[in-house]
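Just so we're aligned: 463 in this note's numbering is position 463 of the sequence shown, and the numbers increase by one with no gaps anywhere.
No lab work stands behind these hints: they were computed from the structure. In this text, all values refer to a predicted model and were calculated from it rather than measured experimentally. Don't take every hint at face value.
[As the list claims (entries may be wrong)] Mimicking SDA-like on lysine to any residue, the simulated pairs with C-alpha atoms at most 20 angstroms apart in a straight line are:
1) K61 x D118
2) K318 x L346
3) K180 x E198
4) K180 x T208
5) K145 x Q53
6) K358 x H404
7) K483 x Y417
8) K432 x L346
9) K332 x R352
10) K255 x S215
11) K278 x V252
12) K121 x Q53
13) K370 x T393
14) K432 x Y466
15) K255 x T284
16) K55 x A82
17) K282 x K401
18) K121 x L98
19) K138 x K180
20) K222 x R170
21) K268 x E250
22) K55 x V117
23) K180 x K222
24) K557 x S527
25) K55 x R105
26) K401 x N386
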Amino acid sequence: MATQILCWLSLLVLLTAQASGKNITINKSLIVQSTVEWSGFNVQLMLHINRRQLKVTCSDKPDFQLLENLQNLPSFKFEELAYQNCPLPVGNQSLVDLLSAFLDRTELSSIRRLFFVDNAKLSDQVTLDPQLFADLPKLQVLSMKNSSRMPLDNPELFKYLQSLTWIDLREGDGGSRNSKVLLHTLTQLTTLELTENELTTLPTELITDLPSLGSLTLYHNKLERIEQFADLPNLTSLDLTYNELDTLQEDVFDKLPNLTHLFLNSNKLTSLPFGLLKRNTKLTVFRADNQHGSGLVLGDELFAGLTMLEDVSVSNCKLTTLSEGLFTAANKLTKLDLSDNKLQSLPENLLRHSSNLKELYLQNNELMHKLPNTLLQSATQLRILNLGHNKLTTLSQYLLKSQHSLEELHLEYNQLYMIDRDAFVSQALSLKMLNLSHNQVALHENGRDVFYLDGKTYYISRTPFYILARMTVLDLSFNAIVKIFEDFKGFMGSLRSLDLSHNLITNVNYANFPFLSPNIEQVNLQSNQITQYDLGNNPIYPTCMPRNVLLADNLLKMDDFVYKSGRCAHDNDS
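Please model the entire structure based on the sequences and the hints provided.
This is how it looks when you write it as structure tokens:
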């Protein structure tokens, strides 16, 4: 941090009234600040050495010519200029002409990035002229944030900026005073930002004839409807987030053949028609989260045939159904987020072509009873599966049968009571985190331990967790478990955290609760019905005591509490 602070060089130029009105005083500090005093003038210069950025900030309309004859101003080396709250040059004067009164003209002419920030206040009636950008042959990046009171109506305004590749016109006036061919001279333009411009219609003419354009951002406008985009052969990224779109025509993206990233988040879309993406065969990322309409309907086979598609997110859209062919042949899909919708069921072949899927998010839906046994059969590469906050009651032995790489499984906040004994067999060497909190898991009926197999009940003390040798975090809180099962000692060799809080456990003793894990850190037994807790040393089992055992809100009396923490018993032999 100290190094970064020292990298800032600040020159504060303060001009205040002097008795004679002719004298100037320059005070050079040995630290990072120099002060020049003159009547009625205020400018601040700040140089960021690492970024080679010079920031010029004004608090009033300065007369830069007053600084022209000053000999003691330091010389700055910079490639980026930020020009904030300062007036723009008028007439035939360029920005380089204006600032060369006190800055090196060669340095000014060599800048590659220029940021105009909030200049409208001191440039209220200024008409922008192409001369503004003269002598900037190397400029590649231009930001004109908050230009709402500066009409961009000169069609040749940017004619000198032949090297410009990135332009930001955010916070404008909706384009009402912009020339329709304003950008047509920018043949090298690759990035166009039209964020927060209050646009109600797509400025079609403005974004035509831009053969190099690769990224177009229309974020946070007021677009309700858009016609077909003009031919933009190199456009790869399109952002329409935070608008008021409610429908899209099937052909709207047809002339964007190289589109790879499409963002439609936070609109009012009610349908995405079949054929919407038929020409966008290179699409890799599709996001349409948070639609605020009456409910979104995805057209049959919307993503079918998109063989480059990797990331799809359509969360919080009030989806109620999905077609079986939605992802047909989309075999590169690696991440799918359908969370926070109203899905009650899923087609059994929905993911039959998703052999590369690694993350699947289905939490906060209304999925009922149990999922189709073959739903995940082809998705053999899953690492993360989130089924939390649904209405599932049963987990069969078949749903996860093909999941040999699954590491993180969320089943919290369901109504699960029947978990097949072999439900997790395929995850014996992969599963590290399992969350089953807030369910109805008991594994105990009519006073006897049970397990379930193919929907049948067997009165044998065997849990679904017996095989999970790599588990590090297991959350079984807020269930109906009445005892600590013998199987716990068979899979706890890697366990770090075990949460059994808010269950119905009455007794914990050494015989039924040995820890084999040398890394056990915490066991949470809070809010049970424990009256006896005895984990004293017992020579029968090699055991490791957890660093923390949480027992608050039980029926336990302190006189009944016996706890001897220390090294693992099997460590005594070493």
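ask   = Does the structure keep K61 and D118 at a Cα separation of 20 angstroms or less?
value = Distance of about 13 angstroms is within 20 angstroms: holds.
Given hint T208 paired with K180 - CA-CA distance at most 20 angstroms = Cα-Cα ~9 angstroms, so holds.
inquiry  = Hint check: K55 vs R105, CA-CA at most 20 angstroms. Holds or violated?
reply    = 16 angstroms, holds
key: Satisfaction of hint between T393 and K370, Cα-Cα up to 20 angstroms   = Satisfied, since the Cα-Cα distance of roughly 6 angstroms is no more than 20 angstroms.
inquiry  = Holds or violated: K282 and K401, Cα atoms, limit 20 angstroms.
reply    = The given pair, whose Cα atoms are some 33 angstroms apart, is violated under the 20 angstroms limit.
20 angstroms limit on alpha-carbon distance, applied to hinted pair K432 and L346 = 26 angstroms, violated
Pair hint outcome, K401 versus N386 [Cα-Cα no greater than 20 angstroms] = 16 angstroms, holds
query = Does K255 pair with T284 here, judged by a C-alpha cut-off of 20 angstroms?
reply = With Cα atoms ~17 angstroms apart, K255 and T284 stay inside 20 angstroms; holds.
task = Quickly compare the C-alpha distance for K121 and L98 to 20 angstroms and report which way the hint goes.
result = 18 angstroms, holds
inquiry  = Against the 20 angstroms threshold, does the CA-CA distance of K55 and V117 hold or violate the hint?
reply    = 10 angstroms, holds
query = Is the hinted pair K483 and Y417 satisfied, with a Cα-Cα distance of at most 20 angstroms?
reply = Satisfied, since the Cα-Cα distance of roughly 16 angstroms is no more than 20 angstroms.
ask   = Between K432 and Y466, is the straight-line Cα distance small enough, at 20 angstroms or below?
value = 14 angstroms, holds
Figure legend: structure checked against the earlier numbered hints; hints not met, in rising order: 8, 12, 17 and 19.
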